[in-house]
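*Asks:* Could you build the full structure based on these sequences and the hints that come with them?
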Amino acid sequence: MSWELLAGLGILTYGSRAVALALLPTVPPRLAAIMDRMPSALFAGLAAHALVIPGGVLAEPPVLAAAAGAMAVTPFRSVPICLAAGLAAYGLTALIG
Amino acid sequence: MTEPADTASVLRPSLLAAAPLAAAIGVFGIVYGAAGAVEFGAPLTIAMSLVVFSGAVQFAVLGLLAGGAGAAAVLVTVLALNARNLVLGAVLRSRLGGTRWQRAGMAWFLVDESFGLAVAARKHTATVLLASGVLFYAAWQVGTVLGVLGAQAVGLEGVASAVFPVLFIGLAAITAGGRDGVTRAIAAGLLVAGSAFLVPDLHAFAPIIAAVLVALLPRRDG
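The listed protein sequences derive, respectively, from chains D and P.
Sequential numbering of the first sequence, starting at 0, is according to numbering that gives the first Met the number 0.
Sequential numbering of the second sequence, starting at 0, is according to numbering that gives the first Met the number 0.
Bear in mind the hints are in silico, worked out from the structure with no lab data behind them.
Treat the numbers as computed from the prediction; the structure is a model and nothing was measured.
Between beta-carbon pairs, the in silico distance windows are:
| no. | chain 1 | residue 1 | chain 2 | residue 2 | range |
| --- | --- | --- | --- | --- | --- |
| 1 | P | 70 | D | 74 | 42 to 48 Å |
| 2 | D | 75 | P | 67 | 41 to 47 Å |
| 3 | D | 23 | P | 148 | 38 to 44 Å |
Beta carbons: idealized from backbone N, C-alpha and C, even for Gly.
*Replies:* In structure tokens:
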């Protein structure tokens, strides 16, 4: 990797973070209400994206077990608890497998 | 930035909530630092963490360059990965006051985890975003340096591959709000999983497309 490529990556990444946050005007309430429905859907989609590879190939069994473990404790609404349950399920499956 | 004066009372719980995530981010940083030092050398590895500050982007670039990809392919992939930041920024925009320059400063610390905590807090959004973001930034830098210096990352690579989906599931849980949010999250997850089978070429953008689609559906409990 070159320093020029690194600079490009930095600009692209920061730019994507700043463009909406800094440059967007305040959105109308109706649009804000729609946007408020997006975070959980986006994160669930990103989780699915990490678990199912294009072409329909599933992630490794310990990774799927970790996801299942995390999903089982979602009613607690706590990221640390999801992390703990997911990693425990990962460890157990890796041990068994 | 236009938030009340009790910032200190918000700061402590924010940092406590962020601490376990920071620990996970630090472990991620060790894995990245150890792998990056082999592929890029120490200076570029550390510089990348300083100026990019994105596990998803940095691991993707590492994998692409190790596989012999060119700069154009790397930039296109990073564009696709960063597209979700537009959504995160747009969602937060309506919750943040302050000047354009203040929001531009806060944008430096806009990552999935700080966004999730800020949205879940529902109040003091700027304080939570900044407090957690600064903590995550520090954890990522410390982890990277430890990895570069040779901290043992053996066996952690597999765990790291599980941490991404687990973190996202946790973030979906804390931002879901109520039953309506849970239903939308499940629908989006199924849409993205289905897209991997049906339209694999769109898979990189599937989470954003799915989130927009399910957000446009009217509330059922209204």
